[in-house]
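Just so you know, the sequences run in chain order A and B. Under the working numbering, the residues of the first sequence are numbered 1 to 113, in order. Under the working numbering, the residues of the second sequence are numbered 1001 to 1119, in order.
Don't read these hints as lab results, they were simulated from the structure. Don't take each hint at face value.
What the hints assert, rightly or not - The calculated DSS-like cross-link candidates involving lysine-lysine, where the alpha carbons are at most 25 Å apart (straight line), are:
#1 B/K1083 x B/K1057
#2 B/K1042 x A/K73
#3 A/K3 x B/K1042
#4 B/K1078 x B/K1057
#5 B/K1078 x B/K1042
#6 B/K1057 x B/K1042
#7 A/K73 x A/K3
#8 B/K1057 x A/K3
#9 A/K3 x A/K70
As the list claims (entries may be wrong) - From the derived model, a few chain B residues whose C-beta atoms are all more than 12 Å from chain A:
#10 E1018
#11 V1019
#12 D1063
#13 Q1064
#14 P1070
#15 S1073
#16 R1080
#17 L1084
#18 E1085
#19 D1086
#20 V1118
#21 T1119
Note that the Cβ used here is the ideal one computed from N, Cα and C, for glycine as well.
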Amino acid sequence: AQKITQTQPGMFVQEKEAVTLDCTYDTSDPSYGLFWYKQPSSGEMIFLIYQGSYDQQNATEGRYSLNFQKARKSANLVISASQLGDSAMYFCAMREGGNQFYFGTGTSLTVIP
Amino acid sequence: EPEVTQTPSHQVTQMGQEVILRCVPISNHLYFYWYRQILGQKVEFLVSFYNNEISEKSEIFDDQFSVERPDGSNFTLKIRSTKLEDSAMYFCASSDTGGPLGAYNSPLHFGNGTRLTVT
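Chain B with its partners taken away, still in its complex shape:
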C-alpha cells in the first residue's frame, strides 16, 4: 500500500538554526499538509498546499515557516530560525481529490512524523 514517507525521523537542532523537514506524499495525491503535535497533545494544523501553492495556513505558520514542492515528488517544510517552542512532532500528510463526490470524503494519510528537538 502506498504511504507517505518523512525524513528524518528525528532532528536535533540548536535555537536559531534553519531546519528542513522532508516528505514524499503518496504519488497520485494532490493535497498536501503539515501538522504538528507537541508531546502527544492535540494535532495542530500548520498549512495546506494544493496546485503548487498554499491554500490555507494557520496562525502558527508565520514568516519563519515556508513550504515548497521543489520537484513534483518532495514536499518540504522549512523553519528559518528555530525557537525552543518549535520542538514538536511534525507530520506530513496527503490526500486525494475524493473523486466525483468531492474532497470531503478523502482521508488524510499521514507519514510517521519527524520529531524535532530544538535545544
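The shape of chain A in the complex, shown without the other chains:
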C-alpha cells in the first residue's frame, strides 16, 4: 500500500480564493509527522508546514493550514487567499520513527488571475 496518496494531479484556483490539496497516509506507527512541501517551477523544495501525530490542534503557518483528521488518516493542506506565486507543485510527506520520508506523487496547483 502507498504510504502517501495525493489523488489530485492538478488543481486550479482563482486568485484570492482558498484551495484544499488532499493527502491521505497509511501507517501503523503511533508516532509520525506529516509535512507539506512546495516546489515552484525553479525546482527547489520548500518546507511549508508540519503536523505531528500527537498534536491536538491543526497546524497553521501564515496562509497555510493543515486539516488533520487522524481517524481518516488525512492531512489536507489549505491555502487561503491564493496568490499567483502559489502556482507550484505541492508534495505531502510523512516521516515515521525511522529515517525515511515518504512522499506523495504531488499536486500541481495553478492560480488563475
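Got chain A; can you put chain B on it based on the hints?
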C-alpha cells in the same frame, strides 16, 4: 537561516562517466539524504545516512551508487558509471534528531538540487 548547499547546480556528463555530486548539510543536522526527481515527477528516495553509515537505501541505489561523508561537513553522492536514465534532479537533504520528541517531527531541509544530464 542555515541552508543545505549543493554543487554543482548543473552537471552534464557522458554515459559511462563517473560523477560526484556534492552537498553541505546544515551543520547541526545528523540525518542526511539523497533523493532524485525525474522531470518534475515524484520525489524518489535513494539513500539515508546516519552516524557515518547508510541507514536505508532504495532499490534505485544499486552498486553504481555510493555515498560518503569525507570530512564531517561534505556529503557526496557518487555514480560510478552513469546511464542515460540517471538524468534527473538530485536533491540532498538533511534533518536533525527532532529533540526529545524524536526524529519523526523533524522536517527535511532540501538543497536546491543538482540537475544531472547524461548524454
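Each hint tested on the structure:
In summary, the hint linking B/K1083 to B/K1057 is supported, as the alpha carbons are separated by about 19 Å, within the 25 Å threshold. Our distance criterion of 25 Å between C-alpha atoms is met by B/K1042 and A/K73, whose separation comes to about 21 Å. In summary, the hint linking A/K3 to B/K1042 is supported, as the alpha carbons are separated by about 13 Å, within the 25 Å threshold. Simply put, B/K1078 and B/K1057 have alpha-carbon atoms about 14 Å apart, close enough for the 25 Å limit, and the pair holds.
As the CA atoms of B/K1078 and B/K1042 are separated by approximately 22 Å, the hinted pair is consistent with the 25 Å bound. Distance restraint check for B/K1057 and B/K1042: the Cα-Cα separation of roughly 17 Å lies within the 25 Å cut-off, and the hinted pair is therefore satisfied. For the given pair, A/K73 sits about 11 Å from A/K3 by alpha-carbon distance, which is consistent with the 25 Å threshold. Distance check on the hinted pair: B/K1057 and A/K3 sit about 17 Å apart at the alpha-carbon level, within 25 Å; holds.
Distance hint between A/K3 and A/K70 is fulfilled; the C-alpha atoms sit about 15 Å from each other, no more than 25 Å. At roughly 24 Å, the least C-beta separation between B/E1018 and chain A is larger than 12 Å, which holds for a residue marked as non-interface. Every Cβ of chain A is farther than 12 Å from the Cβ of B/V1019; the closest lies at roughly 18 Å, confirming the non-interface assignment. Non-interface call for B/D1063 relative to chain A: holds, since the shortest CB-CB distance, roughly 21 Å, exceeds 12 Å.
No beta-carbon of chain A is positioned within 12 Å of the beta-carbon of B/Q1064; the least distance is around 21 Å. Interface exclusion of B/P1070 from chain A stands, the closest Cβ pair being 21 Å apart, more than 12 Å. Every CB of chain A lies more than 12 Å from the CB of B/S1073, the least distance being 20 Å, so the non-interface label holds. In this structure B/R1080 is separated from chain A by more than 12 Å, as the shortest Cβ-Cβ distance comes to about 24 Å.
Consistency note on B/L1084: stated as away from chain A, and its beta-carbon is indeed over 12 Å from all of that chain's, at 21 Å minimum. Under the 12 Å C-beta cut-off, the non-interface status given to B/E1085 relative to chain A holds; the minimum distance is some 19 Å. A cut-off of 12 Å between C-beta atoms confirms that B/D1086 is not in contact with chain A; the least separation is 17 Å. At roughly 18 Å from the closest C-beta of chain A, the C-beta of B/V1118 stays outside 12 Å, upholding its exclusion from the interface.
With a least CB separation of 20 Å from chain A, B/T1119 remains clear of the 12 Å interface cut-off, as annotated.
Hint violations for this structure: none, all hints satisfied.
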